[in-house]
Each structure stands twice: as C-alpha cells, then as structure tokens.
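**Q** Model the full structure from these sequences, guided by the hints.
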Amino acid sequence: MSEVFDRIIGHSAGDGRRRHAGWDAGLFDRLARGPGASLWGRLEGQPHAEATLEAYAALLVEAVGSGYLDQVGDDHEPGRLPNFLAFALLELAPEALAAEPAAQRVGHLAALWNLGEGLLSGPAWLDRYALACAGRLRRVGGAGEFLVEVLGPALAPAEPAAWSGPFAVAVLDARPVLEDFLPGEMYLAAPRVVCIADRRDPAHHVGLLLGHDGGSRLLGTSPPLARYVEEGLPPAATVSGGLARVGSHRVELSMLEEPHRVAAARAGFMVVSAVDSQRLWIVETP
Amino acid sequence: MRQYESPRPRLGAAPDGLKGEIVQASDLVQSWLRGRAELTPTGALRLASQEAPPLAEKFRRAYRWIAEKAIHAPYRDIEFGTSLVVGRGEGRVELRREAGYCSFILLPLLTLLASRRLLIVGAPGRGKTTVATLMALLAGSTPEEVRRSIQHGHPQLTLADLLGSPLPGVLVGAREAADVRVAWRGWITRRVKIIDEYNRIPTKTQSALLSLMAEGYAEMYEQVVQCGRSSWFLTANDDGGGGTFPVIEALKDRIDLVVRGTPFHASGLDALVERVASARSPEEAVPTELVFAPAELDEADRQARAVPVPPEVRDALGFLLGQLDFCRRASDRPEFQNKDTLHLAGRRVGHVCTEDCPLDKHTNLCAQTENGVSARAYQALIHLAQALAFFRGRPAVGIDDLRALAPWVLHEKLRPNPHAAFFQKPENQSLLADRASWVVQLFDKALDQHAAYQPGRRAIAELRDEAEAGLAGLAPAAVRARQERVRRQIEELLRKNEYNGPTHADLILLKALHDGYQDHLDRAEPAGGAR
Chain C
1 MSEVFDRIIG HSAGDGRRRH AGWDAGLFDR LARGPGASLW GRLEGQPHAE ATLEAYAALL
61 VEAVGSGYLD QVGDDHEPGR LPNFLAFALL ELAPEALAAE PAAQRVGHLA ALWNLGEGLL
121 SGPAWLDRYA LACAGRLRRV GGAGEFLVEV LGPALAPAEP AAWSGPFAVA VLDARPVLED
181 FLPGEMYLAA PRVVCIADRR DPAHHVGLLL GHDGGSRLLG TSPPLARYVE EGLPPAATVS
241 GGLARVGSHR VELSMLEEPH RVAAARAGFM VVSAVDSQRL WIVETP
Chain U
287 MRQYESPRPR LGAAPDGLKG EIVQASDLVQ SWLRGRAELT PTGALRLASQ EAPPLAEKFR
347 RAYRWIAEKA IHAPYRDIEF GTSLVVGRGE GRVELRREAG YCSFILLPLL TLLASRRLLI
407 VGAPGRGKTT VATLMALLAG STPEEVRRSI QHGHPQLTLA DLLGSPLPGV LVGAREAADV
467 RVAWRGWITR RVKIIDEYNR IPTKTQSALL SLMAEGYAEM YEQVVQCGRS SWFLTANDDG
527 GGGTFPVIEA LKDRIDLVVR GTPFHASGLD ALVERVASAR SPEEAVPTEL VFAPAELDEA
587 DRQARAVPVP PEVRDALGFL LGQLDFCRRA SDRPEFQNKD TLHLAGRRVG HVCTEDCPLD
647 KHTNLCAQTE NGVSARAYQA LIHLAQALAF FRGRPAVGID DLRALAPWVL HEKLRPNPHA
707 AFFQKPENQS LLADRASWVV QLFDKALDQH AAYQPGRRAI AELRDEAEAG LAGLAPAAVR
767 ARQERVRRQI EELLRKNEYN GPTHADLILL KALHDGYQDH LDRAEPAGGA R
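Line by line, the protein sequences give chains C and U. Per the numbering used here, residue 1 is the first one in the first sequence, and the count goes up by one each step. Per the numbering used here, residue 287 is the first one in the second sequence, and the count goes up by one each step.
Worth flagging that the hints you see were computed from the coordinates, not collected in a lab. Positions of the beta carbon are idealized from the N, C-alpha and C atoms, including for glycine. Mixed in with the good hints, there may be bad ones.
Claimed, not checked - Partial selection, computed: residues in chain U whose CB lies under 10 Å from chain C: (1) ARG332; (2) ARG347; (3) LEU807.
Said to hold, decoys possible - Calculated from the model, a selection of chain U residues having no Cβ within reach of chain C, i.e. all distances over 10 Å: (4) GLU324; (5) ALA494; (6) ARG515; (7) ALA579; (8) ARG591; (9) HIS697.
Claimed, not checked - Every beta carbon over 12 Å from chain U, so not counted as near; a handful from chain C, in silico: (10) ALA51; (11) ARG199; (12) THR221.
**A** Structure follows, in structure tokens:
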C-alpha cells in the first residue's frame, strides 16, 4: 500500500485506541487493509482521494469502536454482515464510492453513516430488512432513495384484505436462520412483520416479513420487537389439523399435523406454526 | 388434535397496549440523514460525539476496559448469585451463576465513584500504583499530571514537601502574617489523590495528612487550602506494621476500605510480552470515552446515594454489626457491655472470654472479635454498597452488596480475637490470616442467625414502628400503656432468650423506647402526674 494509505490508517488506528474502550485493533487493521485498501485502490490518484480516505477511515474507527462491526467475520462475505451499516462501509463504499463525483464522496459517506446508524437505532427488524434488501443497492449516492423505496411497503399501513380468496400457502423453514429454532409465541411487530419467539429459548426471536405472491421471507434473528396492534378485527379463521378455515373457505396446510400458534395480519396473511416442526405456514390472500 | 381460532383478542388489544403508528418511510429516512455525521464548511467529515451512556454503564465499561486491557487479574473474588460447588475439601470451588468482579479493579472504581478513601496493600510490583494512576486518569488528569501529583512516602517527607510553603521572597518581604502567601502543592486540590507508600511517611507529616483526609483542608501561616471533593488512594507494601513508621490509628480509621493487590497469574504472560514489545504502559492508553468530567463524578455519586437501602437489609446489617461490640463480661450494666469498656480498663477480650462466660463461644459471634465497628465504618459500608448496587444496575441495595463489601470495609477495622474457641479449630485457623474470608464467614453466620431470630423479633419491631410513628395527640394514659407493653416485652425477651449479642441489642432498643416514653410523660406532666 502507499505511504499515504499507511499514514492515514496508522493515524486512525491511534485515534481509535485513544478514544474507544472497546477498541479492537486487529479488527480495524483487517478491515482497513481489506475493504479500506480496496477503496483506496479505486480512489488513488483522483481529486480529494486523501480527504475521502480520511473520512472513510474515521467512520471505520467509529464503527469498530462503537461495536457496530463486532460480528463481522474474517471473510465478511455478503449475507454474513451484521447490519446495514456494515454493508455500507465494507461492501458498498469500497465498490461504488469511486463512481460518484469526487467532490461529493465525503458527503455520501456521511449520509451512508447516518442511514446505517439510523437503522440501528430503530426496531431491529428494520435494519435486518434493509440488510436483506441491500444486495440491490448499487449506488452510494442513491442509498437514501433506495431505503425509502424498500422500507415504504413494509411500513405502510396495510389495506385490509377481503379474505374471500383465492388463497395461497407458502412454507418457510426457520432452520437456516437458527439451527435449533422452534417457533413459539408469534405477534405482529409492524403491519407486515411478525416476531416469533423460540419455544426452547424465549430470549431468541426471529423476524418474518410478509409479502404477497410468495414474497414472505425470514429476516434473521432479532431481539424481541415491540408489539404492533392493528385496528379492526382479524379474519374469522380456525386451524385444525392440516386445514385452515377462513369463513367458508378451506385451505390445506400440507405436512402440518398439529398447529401450535397462529398470527394474522389484516393485509391478508395468516402465519401458522406446528407443535413438532421448525416450519412456518403462511396463508396469503389479496 | 388441537384446534386454533384466529387470535382475535390479540389484534386491537395487545397486552402492552401499543397502538400501531403510521410512519412514512421518507420521513424516517430524512430523520436518519440528520444524524451525527455532517460536512464542515470546508467539506471535511465531522462526526459528533455519541450520546453519553448512563453513568453506571460508563463505570461498567471502565471496569471492562481495565480488566481486559490494563490489568490482568483473573481473580474474581467479589461474587454474586447462587453457586454450583465443584470438588470437595481443600479442592472445593464454587462456580457462580453471575459473573464476578475482581476486587482489585472494582473497589478502586467504587472509591472513585463515591469519593471515598482506599488503601491498596500488597507486595511491590503488584500494580498498586498503576491502579491508582488509572483512577486519576479516569478522573480526567493527564499522565504527566498524575506523575507529578503522586505523593511518594519516604522518611524525610516534610510538611513543606507535602503541603507546600511560602516562597522565600514572600517570606522575607512579609511584614505581618497576612502578607505571607503559601504556595500550596498542586496535588491537594486534585480530584484523585494518590499517596504512595503512606506507611513510610514520618509521624508528624502523617498528622498533616490526617487533617487533609479527615477535615478536607490544610492550614499553614493562618492560610487554608480546601481539598475539594476527592477520592484518595493510598498504597502500602505492608500494612501490618512493616512500614518505616507506624501509621497513626486516627489516620487508619479514616481509610474506608482496603484492597489487596492480586498476584500475577501466568495466563497474563502474553499480555506482558505484548506490552514489552509495544513499550506502552496501560496508563498511557485510557480511552477518552471513559474519562469522567468532575460533574459526572458528582452526579454518579448523587445517583448512587439515592439508591434505597431497604429496611430488611438495614436490619440484617445491624444484626451483624450490633453483635461484634458486645461483651457480656465487660460490665453488669447493659449500657457498658461492650469491648470499649474492656479496653479502657486495659483488658482484652481473651482475658474474659473464658469459662466464666456462659455463652457458647462457637455460635456467638462476639467471641470472635476483639473490637466492634464504628459508626463511620457503618456509613462507609452503606455508602459503598449503594455505589455497588448503582454500578450493578440494581434498584436497591441488597444483602449481597453488603456481603461483597463487608470484608474490604472491615478488613482493617475489625480485629479477630485469636484466643477465641472458634479459631482453635484446625479448619478455622487459616481465617486468622485470611481476614476477608473471616468477615464473610461472620456475615453468613449472622444472616443465618438473623433468619432464626426473626419470628421472635417481630413484636419488638412493631413496638419500634409504633414509637417511630410519633406521639402527637396521644393522651398520657395511652403513652403509659405503650410503656407498659415495652416493659412486658423486655421481661419476655429476657425470659425466653439467652442473654447474648442479639438479645442485648434488642434490650438496648427496648430500654431506649421505654426512656423515650418516660421523657414524653415527664414533659407532659412536669408536676409529676399519676404514673
């Protein structure tokens, strides 16, 4: 690496050590010489390159010192990052910051930081969801608009479904999220987000984002989320055996033998867990 | 087969009563963009400081940082929670369900938090001065300021060395005492005061130190300098009389607690090797986010003092400490049945704690101690227990907080009676050397006794509560009726119980209640009304 890079990273490492109690010198060094070096490789020789690297290193110091990147593994591969901020600093900025106009890069870094830290300050599922969608984000300068676009549907109040069919069923397996996870209590945390506790260890929770046309997806582990209470009445539905009855409609839940818990969202979703399974059955209707 | 209905009651009436709030994604994103990262007018990045954590959390972070980065001390001797016993006999180990703390790190932090006075004892090289220095750095001093302000005890240390003196020019030019201006030493007004090897200070200079610690000021040439709110850290290689000068008792009594430097453990060797390689000492690397402003230290102490001490905790503490001073053989009068009576007569507990005293020397705690505990030590223990509960994030002081601190507050204040039958048992002899474990054993025995005595003490507690409710509007006849109930309770107490420490403490209480009622009657009926 160049002398400039070594000077800036060395100075930043010293700053981190002086300021932060939770300073992890090894982690900073690894990230600075990985994603940081990758960014520098694209910036070097361009206008404002030093100022941009200084800003990036300052944010990396703050993120390491604040513990935001504690869960980053050695390979920090996509999908294994702990939060959106980690994605922004370790994936997006090194790849895409150099494509932005040189004079705007530091401003974009500031915006990325604020968005990432803002997501971390909200309900855990929000950051999880943003991270899950982040693979589609290609431009550093478009991060704000991107988040408005992806969070909008998740946050918007749901239009009540008619519950008159047609019905479709999707089955999700929680095992890839948490090996021993056994779905327990379930409740709405947002119009389209369900928080599910682990029956074996109620301290563990998994988030589930509800989406039509089979678009429901697990959001990963999360702390217990605050309950969201919908206005109005839920559908008149019962579940017994492998069958859900909604009004006069009967929906078959294949492979489900004995139901354990049911949660419903007025947007047209009913989530069912089984006594003896790690799966979740999601009944959806427009 | 189970059947489930759609969970109607859940929607619209959640247990926590939260209502769904409509949040626009664009508003949310805009609010995030106004975060703490911004551009300066020159286009540079500026990151505002993170919101400060609550003060208790900041102290916990400081503890973690010291334990992980500065002082390698795997000895977690301050323990909480239930235990799982592994092994037997001398190899017996208790594994706790809550993480413990290292006294060598925790007690200095509590001293800083509560502005108290700590003595750190231990052999050279155990990190005594290092830990005191870390406290000064946490209080905002620079390493250079700390180096200059440490007072190193030595046999030639004079008053002028310790406190300062008038500049020679000022002294020569002065026409009267008021003209003399003393150049006080800078360390006197520092928040953290470090006296290294205090037992090497000459006796006369110790007296000046006593004034500073006890009264909070120093005086010279009719001028006074105030110490200000401060925490004191004194070190000694050997506090058992092995210093150059004996430490005056009054100075010892002003020290609130004692901690021992922990021995080195081989698991810390890697850290030492790294420290040698980097040529950096831990004192040079206290992170700025852990540094406390004076106002933060004041506020932390204010919050700690506001942590309640529940009545049952106070009662249990009083039950223990009340027994320690009791000596049935010191006098025939209850008021003088304490160890001070013996000492003033030149006698020791061992002289009277013999077959002539009918009490069981193995069960009664009074037999184990040579002295009792002063009100100052009580106060220190309660204040530090509040600080510990605050540090742990507990809503109130618990028995476990007192149990954790009692060994260190009483370490130098409570002297064992080596002739006690308790110490003659082979399994108890090690407790004469290990005073911390000895005090814990006293505490645990007292707790067991407290639980056993509790049913019989309820009536006494009711009488006390009745008296504390006051006498306003009570007719003399009603006061006399109360007094009579107290008298009957005294009779019952003496009839049903062995006359030992707990009974003595209750007797003194009941007698005071009786006297209080008599005092009220005397004032209400000055002419000597009917009794």
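**Q** Each hint should be assessed against the structure and marked as holding or not.
**A** Right, here's what the structure says about each hint:
Against a cut-off of 10 Å between C-beta atoms, the interface hint on ARG332 of chain U holds, since the closest Cβ of chain C lies about 8 Å away. Restraint check, ARG347 of chain U versus chain C: the minimum CB separation of about 5 Å is within 10 Å; hint holds. With 10 Å as the threshold, the beta carbon of LEU807 of chain U stays out of range of chain C, its nearest partner Cβ sitting at about 62 Å, so the hint is violated. In this structure GLU324 of chain U is not separated from chain C by more than 10 Å, as the shortest Cβ-Cβ distance comes to only about 6 Å.
Every beta carbon of chain C lies more than 10 Å from that of ALA494 of chain U, the smallest distance being close to 38 Å; the non-interface claim holds. Listed as a non-interface residue, ARG515 of chain U keeps its Cβ farther than 10 Å from every Cβ of chain C; the least gap is roughly 25 Å. For ALA579 of chain U, the requirement that its beta carbon stay farther than 10 Å from each beta carbon of chain C is met, with the minimum near 16 Å. Non-interface status of ARG591 of chain U relative to chain C is upheld: no Cβ of that chain comes within 10 Å, the nearest being about 26 Å off.
Every CB of chain C is more than 10 Å from the CB of HIS697 of chain U (nearest about 30 Å), matching its label as outside the interface. Listed as a non-interface residue, ALA51 of chain C fails to keep its Cβ farther than 12 Å from every Cβ of chain U; the least gap is roughly 7 Å. For ARG199 of chain C, the requirement that its beta carbon stay farther than 12 Å from each beta carbon of chain U is met, with the minimum near 15 Å. Non-interface status of THR221 of chain C relative to chain U is upheld: no Cβ of that chain comes within 12 Å, the nearest being about 22 Å off.
Figure legend: structure checked against the earlier numbered hints; hints not met, in rising order: 3, 4 and 10.
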